[in-house]
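> From first to last, the protein sequence lines stand for chains A and B. Throughout the first sequence, residue numbering follows the UniProt record's numbering, covering 1 to 261 in sequence. Throughout the second sequence, residue numbering follows the UniProt record's numbering, covering 1 to 261 in sequence.
Please keep in mind that the hints were generated in silico from the structure rather than gathered at the bench. Misleading hints may appear alongside valid ones.
Treat identical chains as interchangeable: a pair holds within one or across any two.
Claimed, not checked - In silico lysine-lysine, DSSO-like type, Cα no more than 27 angstroms apart, as pairs:
{"no.": "1", "residue 1": "Lys222", "residue 2": "Lys144"}
{"no.": "2", "residue 1": "Lys222", "residue 2": "Lys259"}
{"no.": "3", "residue 1": "Lys95", "residue 2": "Lys144"}
{"no.": "4", "residue 1": "Lys144", "residue 2": "Lys259"}
In this text the structure is predicted, and so the values were computed from the model without any measurement.
Protein chains: 2
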Amino acid sequence: MNNHPEAGYTRWALLLEFDGTGFVGWQRQENGPSIQTCLEEAGAAFFGGASVMTATSGRTDAGVHASGMVVQLDAPETRAVSAHQLRDGLNFHLKPHLIGVRMARLAPADWHARFSAIGRRYRYTILNRATRPILDAHRVWHVKHPLDDHVMREASRFLIGRHDFSSFRAASCQASGPVRTLDEMTITRSDDYIVIEVQARSFLHHQVRNFAGSLALVGRGKWSAAHLRDVLHARDRTQAGPTAPPEGLCLIRVDYPEKLF
Amino acid sequence: MNNHPEAGYTRWALLLEFDGTGFVGWQRQENGPSIQTCLEEAGAAFFGGASVMTATSGRTDAGVHASGMVVQLDAPETRAVSAHQLRDGLNFHLKPHLIGVRMARLAPADWHARFSAIGRRYRYTILNRATRPILDAHRVWHVKHPLDDHVMREASRFLIGRHDFSSFRAASCQASGPVRTLDEMTITRSDDYIVIEVQARSFLHHQVRNFAGSLALVGRGKWSAAHLRDVLHARDRTQAGPTAPPEGLCLIRVDYPEKLF
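Turn these sequences into a full structure, and let the hints steer you where they fit.
This is the structure we're talking about:
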């Protein structure tokens with residue numbers, strides 16, 4: 001897909017929310033239901049069987065959630081619809097699933113959900129207490145051992161800025177290089193919840209979950225804050241901590257040069 | 001149940017969290033699964049078949065949640081257990097359900113979960129946007145029409161203090177009188193979420209949900225803030241707004257003269 005829809009198609013921008021539990025992730029796959037499949041099936045149903053094409057601002061893995069993913073949907077021009085009609089029509093057909101279109105609008109000219117994006121914001125939530133999550137089941141990473149958020153915050157400062165993040169990059173990462181600029185990382189604690197928020201132009205595969213896994217080692221006292229800096233400088237995935245589970249991760253915002261939603 | 005357990009029983013205090021979706025409420029009933037039934041069955045399983053008796057700080061209706069309900073559990077002394085063993089044992093047997101014991105401790109002398117309580121705190125959450133809840137499905141009241149939280153806050157001031165709350169009392173309420181003292185009511189908006197928190201020694205049946213239902217009428221502009229005051233003064237349930245649905249309500253804290261958890 002390029003920056004223009006095919007002839008006879010209109011490009012829409014959608015603000016998407018979904019619960020990733022039970023899905024194989026955003027992308028269409030053989031081995032189970034994906035967000036993309038559900039959305040394209042809802043689109044086809046709404047447009048009377050004509051196929052629609054979608055692309056996302058960034059793929060999410062199985063079990064990862066989104067409250068603010070932005071996707072593009074190229075729809076046939078054979079049926080004229082308003083943004084509200086499209087939003088409500090897609091939501092009607094999405095209803096069996098925990099997937100919803102929060103907003104829809106015509107895409108700006110030359111706009112692509114992925115290539116035009118200039119910022120992504122993720123939230124990673126840890127429930128730090130002895131007993132399992134109940135009201136937040138499947139929405140948080142449950143860590144039983146007490147975590148010191150102060151030392152986690154201290155360690156997080158080493159990650160902010162432009163670095164070679166090879167130590168926090170999945171082997172499966174398809175990006176052309178390991179250098180990224182982490183614009184922001186905040187770690188806040190409220191009762192038993194530790195919330196890590198990160199903002200960057202783009203992220204490597206598993207980067208946020210790998211941050212969370214290593215920061216938890218710092219919070220438990222297994223690593224010093226300075227050791228996290230050494231791990232970063234090693235540029236070696238085997239030096240870093242385990243990948244934190246997907247259920248704690250949520251894509252909360254995607255930014256474009258022009259504010260869309 | 002009185003302020004002392006029966007001979008041969010030990011009284012425990014439990015801090016309970018549950019997702020009320022699909023339950024008939026706290027109390028044991030004929031027409032479906034209750035929180036109390038699940039907890040007592042878990043207790044019986046843990047104590048080798050011996051029955052346990054429970055009572056709550058305050059009943060919750062079907063669909064209402066709790067993150068901080070306090071209950072008492074009278075367990076046979078035949079098996080000596082520590083607070084941690086009781087907590088973990090009950091959680092093991094509760095596992096099929098979204099019910100969890102966050103903490104357990106021996107009850108203070110002469111303590112009763114309901115009669116000793118001196119404060120209850122509830123949170124009522126409204127999702128105020130056009131499209132249905134996804135990540136918060138079954139946890140919020142979905143109100144599509146835009147609500148003005150400023151005027152809701154203005155109206156809320158009339159409710160604070162000691163009043164005859166007959167206008168906000170369910171017909172089924174079993175309390176001896178309609179006068180209560182509302183110690184605190186805060187209304188805060190964060191993006192699409194409007195959160196109403198209330199604190200009082202005790203509440204009438206449906207009082208918080210009736211507050212939410214009437215405040216939403218003020219927020220929509222159907223009522224003025226002053227009209228809510230008139231409704232309060234009318235002391236007539238038929239004057240007030242509809243009862244807001246249970247899924248937005250959560251019991252978040254119960255206070256006792258001595259801090260328990």
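> All hints, please: hold or fail.
Hints versus structure:
In the homo-oligomer, the alpha carbons of lysine 222 and lysine 144 lie at most 27 angstroms apart inside one protomer (14 angstroms), although the nearest pairing across protomers, at 48 angstroms, exceeds that limit. Taking identical chains as interchangeable, the C-alpha atoms of lysine 222 and lysine 259 are never at most 27 angstroms apart, the minima being 42 angstroms within one chain and 33 angstroms between chains. For the identical chains of this complex, lysine 95 and lysine 144 are inter-copy neighbours only, at 17 angstroms across copies versus 35 angstroms inside a copy, given an alpha-carbon limit of 27 angstroms. Proximity of lysine 144 to lysine 259 under the C-alpha cut-off of 27 angstroms is restricted to the inter-copy arrangement: shortest distance 23 angstroms between copies versus 40 angstroms within a copy.
Checked against the numbered hints listed earlier, the structure breaks hint 2 alone; every other hint is satisfied.
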